[in-house]
Every structure is written in structure tokens, then in C-alpha cells.
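Trainee: What follows is each chain in one-letter form.
2 protein chains.
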Amino acid sequence: MTALEDDFGWTLGVVFRAFVKATNAAVGDLPGGHRGYQILTASVRDQPESQSALCQQLGIDRTVMTYLLDDLERASLVERRPAPTDRRTRLVVATETGRARLTELDLRLCHAEAHVLSGLSAADRKTFKALLCRLAGHVNELDPVPSACQAVQDIAASTS
Amino acid sequence: MTALEDDFGWTLGVVFRAFVKATNAAVGDLPGGHRGYQILTASVRDQPESQSALCQQLGIDRTVMTYLLDDLERASLVERRPAPTDRRTRLVVATETGRARLTELDLRLCHAEAHVLSGLSAADRKTFKALLCRLAGHVNELDPVPSACQAVQDIAASTS
DNA sequence: GCAGATGTTCTGTTTAACAGACGTTCTGCT
DNA sequence: AGCAGAACGTCTGTTAAACAGAACATCTGC
Numbered sequence: 001m002t003a004l005e006d007d008f009g010w011t012l013g014v015v016f017r018a019f020v021k022a023t024n025a026a027v028g029d030l031p032g033g034h035r036g037y038q039i040l041t042a043s044v045r046d047q048p049e050s051q052s053a054l055c056q057q058l059g060i061d062r063t064v065m066t067y068l069l070d071d072l073e074r075a076s077l078v079e080r081r082p083a084p085t086d087r088r089t090r091l092v093v094a095t096e097t098g099r100a101r102l103t104e105l106d107l108r109l110c111h112a113e114a115h116v117l118s119g120l121s122a123a124d125r126k127t128f129k130a131l132l133c134r135l136a137g138h139v140n141e142l143d144p145v146p147s148a149c150q151a152v153q154d155i156a157a158s159t160s
Numbered sequence: 001m002t003a004l005e006d007d008f009g010w011t012l013g014v015v016f017r018a019f020v021k022a023t024n025a026a027v028g029d030l031p032g033g034h035r036g037y038q039i040l041t042a043s044v045r046d047q048p049e050s051q052s053a054l055c056q057q058l059g060i061d062r063t064v065m066t067y068l069l070d071d072l073e074r075a076s077l078v079e080r081r082p083a084p085t086d087r088r089t090r091l092v093v094a095t096e097t098g099r100a101r102l103t104e105l106d107l108r109l110c111h112a113e114a115h116v117l118s119g120l121s122a123a124d125r126k127t128f129k130a131l132l133c134r135l136a137g138h139v140n141e142l143d144p145v146p147s148a149c150q151a152v153q154d155i156a157a158s159t160s
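As given, the protein sequences belong to chains E and W, one line each in that order.
Everything in the first sequence is counted per full-length UniProt numbering, starting at 1 for the first residue and increasing by one.
Everything in the second sequence is counted per full-length UniProt numbering, starting at 1 for the first residue and increasing by one.
Each hint should be verified, as a subset may be incorrect.
Any copy will do: because identical chains look the same in the list, a pair fits if it lies in one copy or spans two.
[Stated by the list, open to error] When the alpha-carbon atoms are kept at most 20 angstroms apart in a straight line, the in silico SDA-like pairs for lysine to any residue are as follows:
id: 1; residue 1: K129; residue 2: R90
id: 2; residue 1: K126; residue 2: G137
id: 3; residue 1: K129; residue 2: H111
id: 4; residue 1: K126; residue 2: W10
id: 5; residue 1: K126; residue 2: H138
id: 6; residue 1: K126; residue 2: D7
id: 7; residue 1: K126; residue 2: A83
id: 8; residue 1: K126; residue 2: R87
id: 9; residue 1: K129; residue 2: A75
id: 10; residue 1: K129; residue 2: D106
Think of the hints as simulated: they come from the structure by calculation, not from any bench.
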């Protein structure tokens with residue numbers, strides 16, 4: 001219980017970790033974990049025009065994306081189909097199953113967020129989110145975040 | 001710029017990542033990175049009575065701690081000396097150099113925190129920290145955090 | 001003094017990510 | 001049309017990090 005490190009960093013880490021843990025629990029056995037979720041989301045919302053576009057968007061290595069998609073495809077959540085305009089590229093589209101799974105996951109993730117934030121009143125929750133958002137925006141100006149996944153990778157080699 | 005994932009998780013990740021990055025930059029070439037800093041801090045503040053106590057406190061594997069301490073010792077920042085009461089255990093004590101390095105690091109980390117929080121006014125900064133602290137406390141009740149480092153490890157296998 | 005427990009280190013295995021090579025397909029130039 | 005070079009996706013090999021378990025040294029209780 002001693003303040004091992006700077007209090008701010010420690011608390012931030014605790015909260016972030018709790019969110020990560022809740023998120024993982026919510027995602028459950030989805031192939032690829034949180035990255036599977038992100039791929040699924042992108043395939044529905046953004047209709048990525050190629051695998052490599054998806055890679056760049058999510059900050060995932062091409063070689064990793066390959067077997068990530070393999071797993072998702074094996075679970076019938078997405079399909080790789082050759083792009084009609086350029087047969088080098090594969091279009092990543094969500095199946096009906098994948099779409100259904102995504103709406104379910106969104107719900108669960110919403111609960112996960114609520115779980116982490118349950119220590120605050122509704123008003124505090126709102127101000128916290130607002131401040132966090134301002135902070136994120138400011139930080140993004142200072143040093144644009146390449147991607148959501150990149151963050152995780154950096155963190156892996158980093159500190160709390 | 002599309003909201004890939006839940007906004008809360010994304011913003012939290014962005015801010016956390018920014019902090020991590022700033023922290024790493026502040027720590028610089030310290031052997032062991034942020035863990036080196038934590039070990040150094042613990043060796044000064046808590047005077048750990050054994051390596052394994054340190055491991056448990058920081059959530060670092062024993063085998064990892066071994067070469068982490070090797071590196072720190074090689075840099076003359078800490079010393080392993082046999083405990084007078086039990087010669088099986090090694091006392092980890094900071095050298096004078098290590099102590100000086102730590103005060104310098106504390107200063108740099110303070111700047112790093114200020115850098116991340118520079119997007120908020122002093123008042124907002126204060127409320128943000130307070131809310132974060134309440135959140136961390138609450139989260140800790142729900143599911144006690146074993147350690148600061150454990151968080152990072154979990155995050156490595158996780159989401160933003 | 002001996003059996004078992006504990007602290008630390010070493011070895012081997014596993015996992016994850018990345019760099020590079022390869023086959024396929026497209027684009028630009030002649 | 002045909003060819004050189006680039007781009008996309010996949011596969012192979014290498015590297016780094018973490019953990020499990022064995023091995024060694026030392027302590028505690030009987």
C-alpha cells in the first residue's frame with residue numbers, strides 16, 4: 001500500500017488496468033482478444049479497403065494480422081474476399097454472425113465501463129470523462145497517437 | 001480519428017500511454033527502465049528485507065529480478081549484500097550514486113507528470129487527480145491490485 | 001546433526017512480435 | 001502488348017521476454 005511511485009502514475013495505472021481487465025473479461029473468448037474486437041468493429045464501421053489499411057489503422061503488424069484474421073475467419077466472424085478492383089487485396093467484411101457478436105460485445109463493454117466507473121456518482125463520472133477527454137485531446141496535439149493498439153504495444157515495454 | 005472503440009477506453013488509453021511515454025523518456029537509460037526506477041525507489045524508501053519481498057511488492061518474477069538487479073548493480077546504483085540475520089537473503093541497498101540518481105529521476109518524473117497534465121488548468125488538474133484517486137480506491141476494493149508492475153504485464157496481454 | 005523449508009540463481013520452454021523472402025497481382029513505361 | 005518495378009498478403013527464421021522447474025546455498029526445528 002506504500003506509494004511505490006508517483007501517485008498520479010500509480011492511480012492512473014490502477015484505473016487503466018481495471019478497465020483493461022474488465023474489457024478482457026467482457027470480450028471473453030473472442031479470437032484475438034481485444035484486437036479481435038477492434039478488427040470486428042473496423043470491419044463493420046469502416047469497411048476497410050484492405051488488410052494493410054486495417055493494419056495501419058490499428059497499428060498491427062501485417063504478419064500478425066494474417067493469423068488474427070485466420071482465427072476470426074475460422075470462427076465465421078469475418079470473411080476475406082478478394083477486392084473486385086484489385087485482386088491483390090483482400091476485403092475484410094463481417095459476417096452476419098460477426099455483426100451480431102459485435103452488438104453483443106458493445107453491450108458487454110458498456111457494462112464493463114460502467115463497472116469501472118461505478119465508484120463515482122453520475123455527475124462525477126461526467127466531469128471525469130470530460131476532463132479525461134480534454135486531456136486526451138491535448139496529448140494528441142502534443143504527440144499524435146498512431147493507433148489504439150500501438151499504445152498497448154508501447155505500454156508493454158514501458159511503465160505504469 | 002474514428003472512435004475505434006469505446007471512447008472512455010480510448011481516451012484513458014491515450015492518456016495512460018502519454019504518461020508512460022513521458023515516464024520512459026524521463027527514466028532514460030536507467031537499467032531496467034521503469035522497473036529499475038521502482039526497485040531503486042523501494043530500496044531507498046522501504047529498505048526491502050529480501051529480493052523476494054521486493055519481487056512480491058513490485059510483482060516481478062524472481063528470475064527476472066535476478067538480472068534486473070545484475071544490471072543495476074553493474075551500474076553501481078544498488079548493492080546486493082548478504083543479510084546479517086539470514087545469509088540466504090540478499091539485502092538490496094541503494095548506493096550513494098543510486099540515491100543521487102533517484103532524486104534526479106524523481107524530479108524528471110515530476111516534470112513528466114506536469115507535461116501530461118499541462119492541458120488542464122490547475123483547478124481541473126486537482127479535481128481530475130482527486131476523481132482518479134477515488135476511482136483507484138474503489139477499484140482496489142473491488143479487486144485488489146497486486147502490484148504496479150503486474151498492471152503493466154497484464155496490459156501487455158490486453159486492450160486499450 | 002539432520003530433515004525439511006526458504007532464498008537465490010540457472011536452464012529450458014513457450015509465446016509474441018518483427019524482419020525478410022516469396023508468390024501473386026497491379027501500374028507505368030515503352 | 002510486354003516488361004520492370006511496386007504493392008499486397010503469406011510464410012519462415014530470429015529475437016526478446018516471461019515463467020516453470022531444477023539446482024545450490026543457507027537457515028530453522030527437532
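Trainee: Work down the list of hints and note, for each, if the structure agrees.
Mentor: Now for the hints, and whether the structure bears them out:
Taking the closest pair of Cα atoms, K129 and R90 never come within 20 angstroms of each other, the shortest separation being 37 angstroms inside a single copy and 46 angstroms across copies. Proximity of K126 to G137 under the C-alpha cut-off of 20 angstroms is found in both arrangements, the shortest distances being 16 angstroms within a copy and 18 angstroms between copies. Taking the shortest alpha-carbon separations for K129 and H111, only the intra-copy value of 16 angstroms comes in at or below 20 angstroms, while the best inter-copy value is 24 angstroms. Taking CA atoms no more than 20 angstroms apart as the test, K126 paired with W10 passes between copies only; the shortest distance there is 16 angstroms, against 22 angstroms inside one copy.
Both within a single protomer and between protomers do K126 and H138 lie at most 20 angstroms apart by alpha-carbon distance, with minima of 18 angstroms and 17 angstroms respectively. Taking identical chains as interchangeable, the C-alpha atoms of K126 and D7 lie at most 20 angstroms apart only when they sit on different chains, with a minimum of 13 angstroms there against 23 angstroms within one chain. When the C-alpha separation of K126 and A83 is checked against a cutoff of 20 angstroms, the pair qualifies neither within a copy, at 43 angstroms, nor between copies, at 52 angstroms. In the homo-oligomer, the alpha carbons of K126 and R87 never lie at most 20 angstroms apart, since the shortest distance is 47 angstroms inside one protomer and 55 angstroms across protomers.
Taking CA atoms no more than 20 angstroms apart as the test, K129 paired with A75 passes in neither setting, with 35 angstroms inside one copy and 43 angstroms between copies. For the homomeric pair K129 and D106, the shortest alpha-carbon distance inside one copy (19 angstroms) is at most 20 angstroms, but the shortest distance between copies (29 angstroms) is not.
Going through the hint list in order, the structure does not satisfy hints 1, 7, 8, 9.
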